[in-house]
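K.L.:
So the protein sequences, as listed, match chains A and V.
Here our numbering is used: position 76 in the first sequence is 76, and no number is missing along the way.
Here our numbering is used: position 90 in the second sequence is 90, and no number is missing along the way.
I should point out that these hints are in silico values taken from the structure, not numbers from a laboratory.
Where hints are given, some of them may not hold.
Which copy? The list can't say, so a pair holds if one copy fits it or any two copies do.
Taking lysine-lysine and the DSBU-like style, the derived pairs with C-alpha atoms no more than 35 Å apart in a straight line are [as the list claims (entries may be wrong)]:
1) Lys52 with Lys26
2) Lys52 with Lys161
3) Lys123 with Lys173
4) Lys52 with Lys123
5) Lys52 with Lys27
6) Lys140 with Lys52
7) Lys161 with Lys26
8) Lys161 with Lys27
9) Lys26 with Lys140
10) Lys123 with Lys27
11) Lys26 with Lys123
12) Lys52 with Lys131
13) Lys86 with Lys161
Number of protein chains: 2
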Amino acid sequence: MTDHLITISEPTLRRLPLYYQFLLRKKQNGDTSVSCPQIAQDLELTSIQVRKDLQSAGAVGRPRVGYVIDEVLVTLSELLGYSNTKDALLVGAGNLGIALLDYEGFEEHGLNIVAGFDVDEEKLGKVFQGKRIYDLSDFKRIASRLNIKIAIITTPASSAKEVCDIMIDSGIKAIWNFAPIHLSTPDDVIVENVNLTASLAVLSNRLERSID
Amino acid sequence: MTDHLITISEPTLRRLPLYYQFLLRKKQNGDTSVSCPQIAQDLELTSIQVRKDLQSAGAVGRPRVGYVIDEVLVTLSELLGYSNTKDALLVGAGNLGIALLDYEGFEEHGLNIVAGFDVDEEKLGKVFQGKRIYDLSDFKRIASRLNIKIAIITTPASSAKEVCDIMIDSGIKAIWNFAPIHLSTPDDVIVENVNLTASLAVLSNRLERSID
DNA sequence: TAGATTGTTAATCGATTAACAATC
DNA sequence: TAGATTGTTAATCGATTAACAATC
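Using the sequences provided together with the hints, build the complete structure.
P.N.:
Dropping the structure here:
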């Protein structure tokens with residue numbers, strides 16, 4: 001894993017999955033190589049930016065020709081964790097939580113949700129896509145036994161902080177947080193937020209401004 | 001709406017919902033004013049950044065005292081579109097789409113999803129939280145009749161582009177896109193992406209690096 | 001060879017952070 | 001008044017964009 005010593009900026013990291021997905025389409029199309037201008041055109045970016053991004057991902061191309069699609073796909077899938085699927089636990093079996101449990105697509109992106117947790121007795125024992133809902137009080141025991149490092153929070157904001165504390169106490173090292181609230185964690189526990197209210201705010205504000 | 005002439009940077013806009021939510025908690029706590037250092041401490045930001053953000057949102061405070069919570073809440077709710085709920089249509093009644101349809105919480109953030117669409121006959125006619133699933137071919141008719149400007153894409157990436165085209169053709173001006181693919185639209189149609197694969201990529205990569 | 005595209009170094013732009021005067 | 005916090009102007013930092021030589 002010594003090739004992971006390169007740090008990739010967050011803006012770049014967020015664009016890489018789009019490149020990956022475009023390259024897959026190209027490959028299915030029968031293409032074997034691709035150039036920055038091609039990628040840039042499809043994604044409406046500048047070719048300079050694509051070049052820089054691929055460079056910082058460690059991809060190497062050939063002038064005039066571009067990049068070998070298969071090579072870049074391998075590089076990106078390593079970098080994005082697609083080639084090393086990890087188990088995760090999810091807390092909060094509401095609509096969103098169950099949607100994520102039910103969704104099979106995360107596995108090809110390196111994430112395998114193995115079980116859900118909730119405090120609502122009505123939900124306990126239910127099974128979605130082979131994944132059972134357990135009582136939150138079982139979280140630590142199961143996380144330790146399965147040696148799980150990734151957890152997902154899909155609870156309401158009001159309970160997210162205490163759920164986060166349970167996760168930290170259970171040895172979780174990465175939290176994918178869907179609750180619209182800031183979570184405070186030790187340095188060795190990372191948090192990635194999916195804040196739908198923030199995204200919606202951007203949409204509303206921009207729409208308002210474009211109409212004015 | 002002339003006070004909307006201020007343009008707010010996207011990083012700032014994404015932090016404002018967190019401030020809003022914190023202020024609500026403070027208010028429920030019985031507080032009437034709040035200072036930047038207080039907000040900063042709770043959200044683990046710098047007080048300078050909070051001050052700048054509030055300033056660009058148009059909030060005015062008093063030295064030594066801080067900001068009047070009720071005033072800031074009003075300012076932010078206007079800016080974030082919370083006080084002016086708009087109708088929206090959703091296309092793609094899979095797990096995620098139904099989770100969003102089912103969720104009642106968006107209304108207090110200014111979004112009211114009134115119906116869903118799909119091409120899968122099995123889903124047509126089903127009703128979630130009073131919201132019916134219609135055939136995609138009815139989209140344009142319904143969007144025009146209800147004069148709807150906002151639409152949500154929760155289809156697989158493979159069909160997102162054609163769905164996007166239908167939306168543009170139907171007079172939609174803002175698209176909340178959950179499909180992990182770039183959508184190309186005219187200047188007067190804005191797109192806000194929620195790309196879970198990108199978010200997951202950041203999580204995986206950071207976890208990998210923190211373990212090394 | 002000619003010319004398109006890569007790799008790399010420099011310039012620009014915008015967001016964050018710092019500094020400090022104003023003020024309640 | 002003293003001191004904490006705001007408002008505002010300046011400095012820094014990092015990401016994007018530009019420029020251009022190297023190369024296939």
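K.L.:
Failing hints, ascending?
P.N.:
Result: hints 4, 6 and 12 break, sorted rising.
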